[in-house]
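Protein chains: 2
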Amino acid sequence: MPESDSEELSRVVARVRERIDPDAAERSALSEAVDALSARVGEALDELGVAADVVQVGSTARGTWLSGDRDIDLFVRFPEGTDRESLERYGLAVGNAVLPDGREEYAEHPYVTGTFEGFDVDLVPCFDVNDGASLRSAVDRTPHHNDYLQSRLDDELAAEVRVFKRFLKGIGAYGSDLRTRGFSGYLTELLVLEHGGFESLLRAAADWHPPVEFDPEGHGTRSFDDPLVVVDPTDPTRNVAAVCSAENVARFQHYARELLADPSVAPFFGGDPDPLSSEEVREHVRRRGTEPVAVVFDAPDVVEDQLYPQLYKSIAGVESELSRRGFDPVRTATFAADSAVLFVELAHRTLPSVERHGGPPVHVREHAEGFFDAYADGDAYGPFLDGDRYAVEREREFTDAVDLLESDALFEVGLGSHVESSLGEGYAVLAGEDVGTLAEEFGVELVRYFDPRP
Amino acid sequence: MPESDSEELSRVVARVRERIDPDAAERSALSEAVDALSARVGEALDELGVAADVVQVGSTARGTWLSGDRDIDLFVRFPEGTDRESLERYGLAVGNAVLPDGREEYAEHPYVTGTFEGFDVDLVPCFDVNDGASLRSAVDRTPHHNDYLQSRLDDELAAEVRVFKRFLKGIGAYGSDLRTRGFSGYLTELLVLEHGGFESLLRAAADWHPPVEFDPEGHGTRSFDDPLVVVDPTDPTRNVAAVCSAENVARFQHYARELLADPSVAPFFGGDPDPLSSEEVREHVRRRGTEPVAVVFDAPDVVEDQLYPQLYKSIAGVESELSRRGFDPVRTATFAADSAVLFVELAHRTLPSVERHGGPPVHVREHAEGFFDAYADGDAYGPFLDGDRYAVEREREFTDAVDLLESDALFEVGLGSHVESSLGEGYAVLAGEDVGTLAEEFGVELVRYFDPRP
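Protein chains in written order, with full-length UniProt numbering: chain A, 1 to 454; chain B, 1 to 454.
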């Protein structure tokens, strides 16, 4: 694909920026809210008589938020020597004082989240450590990230970051949550900084040969096994892109090439496709001549960062168990909303009654005699000779994938713990065209499944 | 399995010998026939004025034939300097003079075969070469084999050879023809000679770890890639067991152990099992839950040593093509009588309409873009991302194994030439329970297929 000239791309970027750059009113409203909140934090600290400062972090601190985002992140930074218990107690006290209608949340440690003048505010206590490598809690790194970026991202680079974020959102690769496993905000900022802008990043990415490694501060002290590596400028031992999957790196490369070849605003704002109807799902199944099966259960009531890794683990376990049992999965997927679904499209729902079981070479006498004697008087076909080995065809335990999924065997495939307990409370198995009913809840997921262009 | 003591085995061997040792009358009848034939050959040579001698070879020359065998092999040995044309001309002339009702046959070179006093006689001209390594024709080795064995096989060893041959016949591993790919007569004689008798050979074979190598004259000059190697005492470059398949070596090991554990006359005289009926074949198919397909055609009119290698090659080609196309062969077989059959038992006769086709990694830009562009506007599902690669699900060419076998694709699987031309004249494809009709011609082969103990 020939790449277009920069002018055409620049015109597209300008049109994107018109839609995502916060205007002056939005900037000043944000700035006033942050000032007011910071003042309140100062007062609360004074009242408690605690030596701590407040620092604004995140995209709204660095001018890299997209117009309409309403997140304010304030970190209350306690001296490094503070004991953990005091930090948590004072942190919550400050949070509750500043956001009297807020609620306490627990990530690694407690913080307070609430709203203020239309903004979503997180008030997070942390330790004031010297650098990202000497953390006392995982969030201590954040103010250092902020320091590093604020001194390097001018307005123009911040604008380029916004364009890149919007692009990643459009193609579904934005976010370091464990459902998406994409690019984090911090990662997008470092990549734009590294390449000097969105366009040069695109042109570079189009030619990446993973593993691709960047080390802005040239201080990396270890190697990483990830397709994309950006050594954290504040911590030489950390890969900022560790969570970014190979598929999302490839997705970015794919769309970078497409955008360079044919610049367009559309991929920046790719929304949900129209959901499939049940009948359309059934038509796909008929057209593909496959036999899908689906395990449907109540989605466990846990946060997405817990739920999706468990669903991914579960569907991989189901797929590998079906394969091990002789079934032939064509493709798999997992969906979650109120229900959760483990979906496996099989080439065939049923298998022959016999399955081949290979034995040892005849010349390995003890082992061979043991194998022969074990099957000689049974119901199996054989033992017979297959070249220099014994083999038998014995009765298959499960000839129907639905029977397997309805049996206890489902619980032995390495499910996530919450998935396992939810399944333990009951589930349904759908098969064949009956999976059409899934469209009632997962029509959008199913159109992505049945029309899977990247 | 514990091995029994020798006494029990000796009693079994004695009972076998009662049935297979030629009696005095048989021996003298044979001896008289050989003398009479040799005299006739001498007269014929005299009349032609040719300097050649006659030598009796084969099992009847060495006392290793089984009672009831009626084969007399006489070689007419011409001086090494004889030109090939004269050898053939004189050879046929002698043969026709000695066996006036015989007919000319052609192996590597012409010979005459006929009957004489109830015996089947082959009269074969050969060159009188110095040793087995300086052959002028393949049969020149035979008199050397004879010399080597006659001087070493006394009456008792000859009897042990007969027992071993009967055992191999009983278990279906006797014969170096290309259908059986088993043990040749010469090989059985060398193995008995090497081990000093049938029982010690059995005990050794039960513990063989192929490759097993014997070199009676300690003169081998090369290595061999065969499971069983017996270097020809008359030719250091030749493995007498070259044609013996790994499966037949394993078969001998298996039955050797069984005989040692539980001595019995039965395995020496294992005959054909009762053939399956068509209904019994259909029952097996139903019970196994498989979907057999069979290509049925007129057996090419060629000798078995040509036919079977072609059938073996053809069934391997059909199996591998079906696998390559996504079908899942459970087991295969080939049968021949008036008809010939390529039989493949499949897990499923039909497959989904789509088949997965993996593409290159996205980062291999030129290749990846080529793959993407090739499928982007087509009917395939995708291209989509599968990890860091593209993949598509495209329409499968053959979703029904019968369609495949009825198409020209059958002729592209590397059939043997005579099989190919016979198929070219027409064939039928049977599927599912319809293969039951094969029992009308192949009931015995099918019972071996469906009850495949070694």
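Keep in mind that the hints were calculated from the coordinates and are not lab data.
Remember, predicted model here, so these are calculated numbers, not experimental data.
Glycine is no exception: its CB is placed at the ideal position from the N, C-alpha and C atoms.
Among the hints, erroneous ones may be present.
Stated by the list, open to error - If we take Cβ atoms under 8 Å as the criterion, some of the chain B residues that face chain A in the derived model are:
| no. | residue |
| --- | --- |
| 1 | L92 |
| 2 | G289 |
| 3 | G358 |
| 4 | H367 |
Unchecked claim - Derived coverage of chain A by chain B (criterion: at least 3 residues anywhere in the stretch with Cβ under 8 Å from a Cβ of chain B; other residues may be distant):
| no. | stretch |
| --- | --- |
| 5 | 179-193 |
| 6 | 375-386 |
Claimed, not checked - Across the chosen pairs, the derived CB separations fall in these ranges:
| no. | chain 1 | residue 1 | chain 2 | residue 2 | range |
| --- | --- | --- | --- | --- | --- |
| 7 | A | D379 | B | G172 | 22 to 28 Å |
| 8 | A | S407 | B | S417 | 18 to 24 Å |
| 9 | B | R222 | A | F411 | 33 to 39 Å |
| 10 | A | E406 | B | D5 | 51 to 57 Å |
| 11 | A | D373 | B | E18 | 48 to 54 Å |
| 12 | B | G414 | A | V364 | 42 to 48 Å |
Taking the hints in turn, this is what the structure says about them:
no., hint, verdict
1, L92, "violated (43 Å)"
2, G289, "holds (4 Å)"
3, G358, "violated (12 Å)"
4, H367, "violated (12 Å)"
5, 179-193, "violated (count 0)"
6, 375-386, "holds (count 7)"
7, A:D379 / B:G172: 22 to 28 Å, "holds (24 Å)"
8, A:S407 / B:S417: 18 to 24 Å, "violated (52 Å)"
9, B:R222 / A:F411: 33 to 39 Å, "violated (59 Å)"
10, A:E406 / B:D5: 51 to 57 Å, "holds (56 Å)"
11, A:D373 / B:E18: 48 to 54 Å, "violated (32 Å)"
12, B:G414 / A:V364: 42 to 48 Å, "violated (33 Å)"
Hints 1, 3, 4, 5, 8, 9, 11 and 12 from the earlier list are contradicted by this structure; the remaining hints agree with it.
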